[in-house]
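Asker: Following the hints, complete the assembly by docking chain S with the ligand onto the known chain P.
These protein sequences, in sequence, are chains P and S.
Position 3 of the first sequence, counting from 1, maps to 289 under my numbering, and the rest follow consecutively.
Position 172 of the second sequence, counting from 1, maps to 175 under my numbering, and the rest follow consecutively.
Simulated from the structure, these hints should not be mistaken for lab results.
Predicted, not measured: the structure shown is a model, and the values here were computed from it.
The reader is advised that the hints may include incorrect statements.
What the hints assert, rightly or not - Here are the computed lysine to any residue pairs in the SDA-like style, where the Cα-Cα straight-line distance is at most 20 Å: (1) P:Lys452 <-> S:His76; (2) P:Lys351 <-> S:Arg77; (3) P:Lys329 <-> P:Glu421; (4) P:Lys351 <-> S:His76; (5) P:Lys329 <-> P:Asp343; (6) P:Lys452 <-> S:His11; (7) P:Lys452 <-> S:His10; (8) P:Lys467 <-> S:His11.
Stated by the list, open to error - Over the 12 Å line for every Cβ pair with chain S, so calculated as not near, a few chain P residues: (9) Ala299; (10) Arg302; (11) Val344; (12) Pro384.
Beta carbons are placed, not taken as given, at the ideal position from N, Cα and C, and that holds for glycine.
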Amino acid sequence: MTTDTHEADWAEAMLRVREARDTAAFEAIFRHYAPRVKAFLMKSGAEPGLAEECMQDVMATVWTKAGLYDPSRASLATWIFTIARNRRIDAIRRARRPEPDELYWGPEGEPDQADVLALQEESARLGRAMEQLPEAQRDLIERAYFGDRSHSEIAAETGLPLGTIKSRIRLALDRLRHEMKMKR
Amino acid sequence: MTDTIRHHLPDDILAAYSTGSLSEAFSLVVATHVSLCDECRATLESIDAVGGAVLEGCEAEPVAAESFEATMHRITGQAAATMDRPIQAAGLFPSALRSYVGGDVDAVRWRSVGMGVRQAILRTEPGASVRLLCIPPGAAMPNHTHRGREMTIVLQGAFRDEGGRFCRGDVEVADDHVRHAPVADAGEPCICLAATEAPLRFRDLLPRLAQPFFRI
Ligand SMILES: [Zn+2]
Chain P
287 MTTDTHEADW AEAMLRVREA RDTAAFEAIF RHYAPRVKAF LMKSGAEPGL AEECMQDVMA
347 TVWTKAGLYD PSRASLATWI FTIARNRRID AIRRARRPEP DELYWGPEGE PDQADVLALQ
407 EESARLGRAM EQLPEAQRDL IERAYFGDRS HSEIAAETGL PLGTIKSRIR LALDRLRHEM
467 KMKR
Chain S
4 MTDTIRHHLP DDILAAYSTG SLSEAFSLVV ATHVSLCDEC RATLESIDAV GGAVLEGCEA
64 EPVAAESFEA TMHRITGQAA ATMDRPIQAA GLFPSALRSY VGGDVDAVRW RSVGMGVRQA
124 ILRTEPGASV RLLCIPPGAA MPNHTHRGRE MTIVLQGAFR DEGGRFCRGD VEVADDHVRH
184 APVADAGEPC ICLAATEAPL RFRDLLPRLA QPFFRI
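So that you can see chain P by itself, here it is in the shape it has in the complex (with noise of 0.2 Å):
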């Protein structure tokens, strides 16, 4: 699998999920990511017991929530992280995590299959750009992730391509917004 495949793979296999209730590919998700969740709810201070029980937690939530994923906004990993990281929120600082109205498709809308590759690759290409950053730089980044309080300024200085990532979200979200309109 060459990395440009494999944001777009995952992806798929959570269509399969969000579509087919596919078990198969639920536990190839849940192979690779549960032990990246667990190691980014350690990473933010969680004991292991504490850290195994909300992957689990956010594991589930995964599969129970999957129609609310847009694999035209979200790789699948920005998605689980988002999950991970308000599970940390109530768990670990035991605050309440604001959360904006959700917006998806609905039962039948889909988003258009140009707009999913096009995000994946995007996403693909994030990823690399994070790869190939200066040690410090990206340390820094990561340690904001972890819940360090005292590093939260990421988008300005990084020089990562968070631009293009999100024109395109923006143009995912206007159809969908379109969509919605159509259906009211």
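Answerer: Just chain S with the ligand now, with coordinates in the frame of chain P:
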């Protein structure tokens, strides 16, 4: 409606919300704005993508032996009650704000703070506070300063101050030592949601000693 928004969230606030380091009070203002603004939603989701790359790059931590089976067990114990989550609330408040208020604008338990201004403090973790404010048409908000950052989003009506005119969905971010005196537009009362890092200090309205009683 999302195209009419002129005043957006700064990137560093969206980044702090994405990493999960932003306080609950400010996070509620962010969630409220993003519910109304696709421009900031796109920025936020692109910053989330960095979090995705960080997760992908995490070195795998061994999971418990029966981890997958245990997870499947959790799933069967859960109702698949996911799709009836609040999508887009009809009314004034997005769903995050509703969950703090216990309903839409008609469920708010207002308290008068004088000069016709009413407020309702919402319960969040300590360190920062957030409250709803209702200012009569044409009235001035009590003149105040604050020690930390303050973030205000308009939900109904509009107000004007040195920063410009702010309508539904617009956010004003004010930093330390700014002295501003917003004035509500004529027409309907201006309802906003305001988060502050430190307690507000009203200059004209209340002696400073009285503040603890009002929890502001
Ligand atoms: Zn905005």
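Asker: Against each hint, give a clear statement of whether it holds in the structure.
Answerer: Now for the hints, and whether the structure bears them out:
Among the hinted pairs, P:Lys452 with S:His76 is inconsistent with the structure: their alpha-carbon atoms are about 37 Å apart, more than 20 Å. With a C-alpha separation of about 14 Å, the suggested pairing of P:Lys351 with S:Arg77 holds against the 20 Å cut-off. For the hint linking P:Lys329 to P:Glu421, the alpha-carbon distance of about 17 Å falls within 20 Å, and the restraint holds. In summary, the hint linking P:Lys351 to S:His76 is supported, as the alpha carbons are separated by about 16 Å, within the 20 Å threshold.
With a C-alpha separation of about 17 Å, the suggested pair P:Lys329 and P:Asp343 falls inside the 20 Å cut-off, and the hint holds. Proximity of P:Lys452 to S:His11 is assessed by CA-CA distance (about 15 Å); at most 20 Å being required, the pair is judged to hold. Proximity of P:Lys452 to S:His10 is assessed by CA-CA distance (about 18 Å); at most 20 Å being required, the pair is judged to hold. For the hint pairing P:Lys467 with S:His11, the CA-to-CA distance comes to about 24 Å; that exceeds 20 Å, so the pair is violated.
In this structure P:Ala299 is separated from chain S by more than 12 Å, as the shortest Cβ-Cβ distance comes to about 14 Å. Every CB of chain S lies more than 12 Å from the CB of P:Arg302, the least distance being 16 Å, so the non-interface label holds. In this structure P:Val344 is not separated from chain S by more than 12 Å, as the shortest Cβ-Cβ distance comes to only about 9 Å. Against the 12 Å criterion, P:Pro384 falls within the reach of chain S, whose nearest CB is about 4 Å from its own CB.
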